[in-house]
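Take a look at the letters that make up each chain.
Number of protein chains: 2
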Amino acid sequence: MLLLLLGCNSEKVGDLLPASFDLQEYGAILNKRVHQLRILRPRPDHFTVLVRRVPNCTEHGAYGCAVDHFFSKYYPHSYHSCQMLYDAKEIGNLQKQANDLVTRIEKLRNKSTIGKTGKDSLLLDVSQEHETLTQHNEKLQKLLHKIRKLKTKDALSGKELPTGFATFKYRRSAALAAQSQQHSHPLLWITEKAPEPRNVSWRSLAIPLRMLPLIKIAVVILATLLTLFFAVIVTGVQGIAKFEKLEKWFPPAMAVGLIPGLSSVLTGYLPSAVLKGCEYLVPFAMLAMAKMGGSVSKSKEEIKACNMVFYFLVGNVFFLSLISGSLLDEIGESFTHPSNFPSHLASAVSAQADFFVTYILTDGLSGFSFEILQPALLTWDAIVLHTCGRGEGQDPYLFSIPYFRVIPSVSLSILIGMVYAVIAPLLLPFLVGYFCLGYIVYMNQIEDVYETTYETCGQFWPYIHHYIVVGISLMQVTMIGLFGLKSKPAASIATVPLLVLTLVFNEYCKIRFLPSFRNNPIQEAAELDEEDQKNGEIEINCQNASTAYVQPSLRRVNLMKPKANLTEPLIASV
Amino acid sequence: MLLLLLGCNSEKVGDLLPASFDLQEYGAILNKRVHQLRILRPRPDHFTVLVRRVPNCTEHGAYGCAVDHFFSKYYPHSYHSCQMLYDAKEIGNLQKQANDLVTRIEKLRNKSTIGKTGKDSLLLDVSQEHETLTQHNEKLQKLLHKIRKLKTKDALSGKELPTGFATFKYRRSAALAAQSQQHSHPLLWITEKAPEPRNVSWRSLAIPLRMLPLIKIAVVILATLLTLFFAVIVTGVQGIAKFEKLEKWFPPAMAVGLIPGLSSVLTGYLPSAVLKGCEYLVPFAMLAMAKMGGSVSKSKEEIKACNMVFYFLVGNVFFLSLISGSLLDEIGESFTHPSNFPSHLASAVSAQADFFVTYILTDGLSGFSFEILQPALLTWDAIVLHTCGRGEGQDPYLFSIPYFRVIPSVSLSILIGMVYAVIAPLLLPFLVGYFCLGYIVYMNQIEDVYETTYETCGQFWPYIHHYIVVGISLMQVTMIGLFGLKSKPAASIATVPLLVLTLVFNEYCKIRFLPSFRNNPIQEAAELDEEDQKNGEIEINCQNASTAYVQPSLRRVNLMKPKANLTEPLIASV
Numbered sequence: 001m002l003l004l005l006l007g008c009n010s011e012k013v014g015d016l017l018p019a020s021f022d023l024q025e026y027g028a029i030l031n032k033r034v035h036q037l038r039i040l041r042p043r044p045d046h047f048t049v050l051v052r053r054v055p056n057c058t059e060h061g062a063y064g065c066a067v068d069h070f071f072s073k074y075y076p077h078s079y080h081s082c083q084m085l086y087d088a089k090e091i092g093n094l095q096k097q098a099n100d101l102v103t104r105i106e107k108l109r110n111k112s113t114i115g116k117t118g119k120d121s122l123l124l125d126v127s128q129e130h131e132t133l134t135q136h137n138e139k140l141q142k143l144l145h146k147i148r149k150l151k152t153k154d155a156l157s158g159k160e161l162p163t164g165f166a167t168f169k170y171r172r173s174a175a176l177a178a179q180s181q182q183h184s185h186p187l188l189w190i191t192e193k194a195p196e197p198r199n200v201s202w203r204s205l206a207i208p209l210r211m212l213p214l215i216k217i218a219v220v221i222l223a224t225l226l227t228l229f230f231a232v233i234v235t236g237v238q239g240i241a242k243f244e245k246l247e248k249w250f251p252p253a254m255a256v257g258l259i260p261g262l263s264s265v266l267t268g269y270l271p272s273a274v275l276k277g278c279e280y281l282v283p284f285a286m287l288a289m290a291k292m293g294g295s296v297s298k299s300k301e302e303i304k305a306c307n308m309v310f311y312f313l314v315g316n317v318f319f320l321s322l323i324s325g326s327l328l329d330e331i332g333e334s335f336t337h338p339s340n341f342p343s344h345l346a347s348a349v350s351a352q353a354d355f356f357v358t359y360i361l362t363d364g365l366s367g368f369s370f371e372i373l374q375p376a377l378l379t380w381d382a383i384v385l386h387t388c389g390r391g392e393g394q395d396p397y398l399f400s401i402p403y404f405r406v407i408p409s410v411s412l413s414i415l416i417g418m419v420y421a422v423i424a425p426l427l428l429p430f431l432v433g434y435f436c437l438g439y440i441v442y443m444n445q446i447e448d449v450y451e452t453t454y455e456t457c458g459q460f461w462p463y464i465h466h467y468i469v470v471g472i473s474l475m476q477v478t479m480i481g482l483f484g485l486k487s488k489p490a491a492s493i494a495t496v497p498l499l500v501l502t503l504v505f506n507e508y509c510k511i512r513f514l515p516s517f518r519n520n521p522i523q524e525a526a527e528l529d530e531e532d533q534k535n536g537e538i539e540i541n542c543q544n545a546s547t548a549y550v551q552p553s554l555r556r557v558n559l560m561k562p563k564a565n566l567t568e569p570l571i572a573s574v
Numbered sequence: 001m002l003l004l005l006l007g008c009n010s011e012k013v014g015d016l017l018p019a020s021f022d023l024q025e026y027g028a029i030l031n032k033r034v035h036q037l038r039i040l041r042p043r044p045d046h047f048t049v050l051v052r053r054v055p056n057c058t059e060h061g062a063y064g065c066a067v068d069h070f071f072s073k074y075y076p077h078s079y080h081s082c083q084m085l086y087d088a089k090e091i092g093n094l095q096k097q098a099n100d101l102v103t104r105i106e107k108l109r110n111k112s113t114i115g116k117t118g119k120d121s122l123l124l125d126v127s128q129e130h131e132t133l134t135q136h137n138e139k140l141q142k143l144l145h146k147i148r149k150l151k152t153k154d155a156l157s158g159k160e161l162p163t164g165f166a167t168f169k170y171r172r173s174a175a176l177a178a179q180s181q182q183h184s185h186p187l188l189w190i191t192e193k194a195p196e197p198r199n200v201s202w203r204s205l206a207i208p209l210r211m212l213p214l215i216k217i218a219v220v221i222l223a224t225l226l227t228l229f230f231a232v233i234v235t236g237v238q239g240i241a242k243f244e245k246l247e248k249w250f251p252p253a254m255a256v257g258l259i260p261g262l263s264s265v266l267t268g269y270l271p272s273a274v275l276k277g278c279e280y281l282v283p284f285a286m287l288a289m290a291k292m293g294g295s296v297s298k299s300k301e302e303i304k305a306c307n308m309v310f311y312f313l314v315g316n317v318f319f320l321s322l323i324s325g326s327l328l329d330e331i332g333e334s335f336t337h338p339s340n341f342p343s344h345l346a347s348a349v350s351a352q353a354d355f356f357v358t359y360i361l362t363d364g365l366s367g368f369s370f371e372i373l374q375p376a377l378l379t380w381d382a383i384v385l386h387t388c389g390r391g392e393g394q395d396p397y398l399f400s401i402p403y404f405r406v407i408p409s410v411s412l413s414i415l416i417g418m419v420y421a422v423i424a425p426l427l428l429p430f431l432v433g434y435f436c437l438g439y440i441v442y443m444n445q446i447e448d449v450y451e452t453t454y455e456t457c458g459q460f461w462p463y464i465h466h467y468i469v470v471g472i473s474l475m476q477v478t479m480i481g482l483f484g485l486k487s488k489p490a491a492s493i494a495t496v497p498l499l500v501l502t503l504v505f506n507e508y509c510k511i512r513f514l515p516s517f518r519n520n521p522i523q524e525a526a527e528l529d530e531e532d533q534k535n536g537e538i539e540i541n542c543q544n545a546s547t548a549y550v551q552p553s554l555r556r557v558n559l560m561k562p563k564a565n566l567t568e569p570l571i572a573s574v
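Residue numbers (the UniProt record's numbering), protein chains in the order written: chain A, 1 to 574; chain B, 1 to 574.
Please note that a few of the clues may not be correct.
Unchecked claim - Here are the in silico distance ranges between beta carbons for each label pair:
#1 Arg555/B with Lys73/A: 36 to 42 Å
#2 Ser400/A with Leu212/B: 40 to 46 Å
#3 His337/A with Ala206/B: 44 to 50 Å
In short, the hints are calculated from the structure, not lab data.
The beta carbon of each residue, even a glycine, is placed where N, CA and C say it ideally should be.
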């Protein structure tokens, strides 16, 4: 993860250099990825293949049995075992109830101990509390018994899903199985590289594969609609949020008028605060949509959200500040008269250089200070703590770095830098300042604040590369238009091959590097196997992999965190 | 092969039924393919993987050695052996010379035997002939010696190419190796399913892989230019070929004027004969271009030619007869105003129904009679025989069915039928007649005339399916335009989702069926292995595969056909 951001940051410095630099960058990041994969040798995902659309076993009527039969028949020397997925919604709900109960019991007990030490409690109160405590305990007992019953093999076998994780004895076999077509019906026995256990999106895996295309289309349509109509929505909300209107809708706001000066501050800042607030909420909305989309892993969900947020920002920050009319009109115009697009863009871009200098300055300063101070997180945490009452045992501040917010905004700055590198080079010093500040802030955040919740070994890079290519292409389109406006048709036409070359270069990068980000090459896998065999670790690693993929709701849960000093056995484990 | 055409023919009957029929058809053809693959069990291509971009072995400096090292290391239990490709141009040239010499010696010997039996030859003549015969024999001896020397291992090792065929002990391992990425550099050790030995395009495999993208782009551009400017070329050639102009350019043509009536026949038929001739030549030109494109197998070359010819016909027969202006103008118009396209198309289509009835009748009758009588083939054969003097031993008439000519013209008829099914249903009986006649003609041709030169097990089908989908989409676009013209906007808009559904259906077909046409599924491969092992044939099959992929120029060649009654050992073999 760190290495990805490092790659991203060194790219920031290199974003103004030509494409050949980009190629080196891609190669360097691929090398880092391979190196990182070697370091993280005992990873269970190397040994495991995700199998979906498993048909039912004709003999025993179970999916797990079918997986065992299939793989032990067709991968006889290398198949180890399988872990199936179960429909564990019920267990999850019960566990949530049990957790709630435990929290309540905790609170009651704390109260009574405080009462005892305080020695000012009434006897009646104590007896009442004791009663509720025993009631709660009984309830908890019942719940735990129910959960234990649901977790037995017989109860689970009825809730098997046609999805599972097949573990192999060697990395090589797992890599081979993940990359090949198993059945002549290509939509049965779909195999793919398993994500890391902490990276698995368990909820998405439970969605039937038949539904996925529909859900994906729906998500894309939703995200497109949000991008296109965001300006409309924001204008509407801003209209309502004007102080004069607020007074109409919500008469108590009149009280603000009593404090002199406050009303003018509110009138001035409210609309822009609403805009910023909406913009701040969009990444979270996109992430929520991406999570609905049924990706196999959390990293893929974040990558999807990254894509959607990037295009949202390009549309609603870059293009919307360039154009006078609405985004929709402009898009319609570009579709009907595509040849006018470059000159249109060029004239708009050159008029808006000052705006983007301001944008980068304010976004840089406000964004980075926001990132360091984490006000939103603190507020949210305070709200949750004082309303829902979070369990004491939970760690308050362990989040992973929000890629879906960071990467698109940095990529947008790269894009702005690209486009203005030729037209208004004075913007570049500001951008370099922005990137230096960003480097310092994010290095600090990554090292000291955020936790690594999963490790993708640079899977985000190809997308960052794509955003940079979008930036370069947009720069070249602007140049074509600009030369046209300055009545230099020869220069304008000479830039067209440059654009074509950029696109060809992008295709080459995809062919040259992308497969190694997607697949686990056989040579690498076999070499890691060999190293493991030398150290005698291969069996342990395989054994670890074969137990790593257990759904969160089916894990042995310790209902109390270790710091709790409870001695009663009933809440120790299920 | 037969099964492909059968599939194609049953499709002809079903082309007017809805898409669900198409789905069944695809499934049925996939089943036939799987069945056929089972029947053809001992095929060497099942055991073999084509490896390209092999790096040089660091120890021994040879490619073959590198392949052996790599696969025996990473596929330790299943790798059998490898057959490398060599740069055999020189040997090929020498062999051609040797063949020529043998033909000449044959002729001389025949002459002398005829002379002896005729007993009217002069002694001087005989001795002279004997002298040239011994001279030729000496030359041949020298040539054969040279060839033998070039074919030794030492001489060949210097001419190794970084391409080879790796044979595995089991089908399963070959299928796994073909479908996976071997090296973390995805452009090294590129593996793919090997084509059948008779299907390999040896000349293309010798082209360095780096050059291929450039060549492919060049071929696509050439084909596009030919399609776009064909009308211009033909009009130009027709202008020259008018009888009045011919008299100017080629005065001896005046002699035609002496025969009464001939000149008027010529004036009438010459231009249309030129058009038909050009159209007849196009498929061959396209095939030649496709052959330059560096495809791995002959079948892929033919498929490429099919694609190019189909789009050529759609452009130059279907669209060119619809529109009044030039094709280029029309394409430009559609690009700038895409929304006008359907109504434009609809009005043009409904005006030209009569023309297409005539087209299908004449094309059907003339095309099929041409196919049965094979006049072009006979003429070509006569020319070759009397000018270059083909070797006596060669079989004169063994060609495979020209898919690149047959499939596009049949697909075009399907397309015309689709488009006119709604507008002018009277065309359909003619079309049914055309297909029935076609079925009879081609069944006869396939069974009795053409030879099977390679077996693809239905690889052509996905392309035919694609052509049918193009036809259906075009029909729906026409319908949208037609409803618009008849001022029924509701019906027009209601047809748009139908078009979208057709495209979605096409995507579904690609996901559902295409992988099984491209890959060898592991289950299938393992089951065939098992059957072979039961019969104890697996080792023989693997052994056969390990010697099947020898370049034509490196094979042990019998310079004389068995029917020749020669006893002299020198020309027996190399």
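Cross-check of the supplied hints:
no., hint, result
1, Arg555/B with Lys73/A: 36 to 42 Å, "39 Å, holds"
2, Ser400/A with Leu212/B: 40 to 46 Å, "43 Å, holds"
3, His337/A with Ala206/B: 44 to 50 Å, "48 Å, holds"
In this structure, none of the earlier numbered hints is contradicted; all agree with it.
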